[in-house]
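Novice: Residue numbers (the numbering used here): 1 to 257.
Any given hint could turn out to be false.
[To be verified] Pairwise CB distance ranges (calculated):
(1) Glu81 with Lys215: 18 to 24 Å
(2) Glu238 with Ser119: 23 to 29 Å
(3) Pro202 with Asp127: 37 to 43 Å
(4) Ser115 with Asp192: 40 to 46 Å
(5) Ser115 with Pro202: 42 to 48 Å
Quick caveat, the hints were computed from the structure, so don't treat them as lab data. Cβ atoms here follow ideal geometry from the backbone N, Cα and C, with glycine treated the same way.
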Amino acid sequence: MAFGKWIGGVIGWMAGGPLGALAGFALGSLFDGGISISTTTEQHTQRSDIYGQRNSFLFSMLVMASYIIKADGKIMHSEMEFVRRFLRSNFGEESVTEGNQILLNLFEQRKQMDSVNPSAFKKTIYDCGQQIAANLTYEERLQLLRFLAMIAQSDGNVHIKEIEALKEVATAMGLSTSEVDSMLNLGRNTLDAAYKALEIEPSATDEEVKIAYRKLALKHHPDRVASLGEDIHKAAEEKFRQINEAKDKIYKARGLN
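Put together the whole structure using the sequences plus the hints.
Specialist: In structure tokens form, the structure reads like this:
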């Protein structure tokens, strides 16, 4: 599937507001005659209902990814390649070129905005986060944050500036900073990381551990993002598996069943 097939044309709730403004710059050059980001009655078709939410989620991910990737002042090949692999595996080779260009366009937009006001793009990202918070469910926002954390981790070293940027994005999207710490510790093979993944301290009681696991498992259940497509659902399943691994490590250390 060509990338433009799902990101162009009707792009759901992000057609207006700060995300819509960025879309006009980041996507317009990819399509002959530009793209339509208006929200006329005629556009509110069944196709818009089916694809609009997914399209908006994916473009939102690219916008926030552009902020995370540049957080430490560098564009790392490994982080860009992580995004390329995601696009390639789910949308085909053509999507890689187009998705890469969207990120480059967003980097250029940031450069232009910050040359006038050093905090301009940061403010735009905050406004985008608020628009995302108003239109995506809590579970969908958690999955978006998970993708961003994985991008930051893809070079094997999460810079302090990337952690700060992740927490800024999380706050803008109505999530807690503790959820960033949880995301960054999923999949790490230590007991300390397991506690952080479950958002609890090692001093927690056994009952508090069980409650924390049940709470985390409920809000990260893959079925809660099923409407965003099979690829997003599979990524959520992997995150759910890592949550269970963290729980199992803590349970084993405590002798719990």
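Novice: Against each hint, give a clear statement of whether it holds in the structure.
Specialist: The hints, checked one at a time:
About 34 Å separates the C-beta atoms of glutamate 81 and lysine 215, a value inconsistent with the hinted range of 18 to 24 Å. The hinted window of 23 to 29 Å between glutamate 238 and serine 119 is violated, with their beta carbons roughly 35 Å apart. Our hint of 37 to 43 Å for proline 202 and aspartate 127 holds, since their Cβ atoms are close to 38 Å apart. Between serine 115 and aspartate 192 the C-beta distance comes to about 42 Å, which sits within the given range of 40 to 46 Å.
For the pair serine 115 and proline 202, the beta carbons lie near 47 Å from each other, so the given range of 42 to 48 Å is met.
Checked against the numbered hints listed earlier, the structure breaks hints 1 and 2; every other hint is satisfied.
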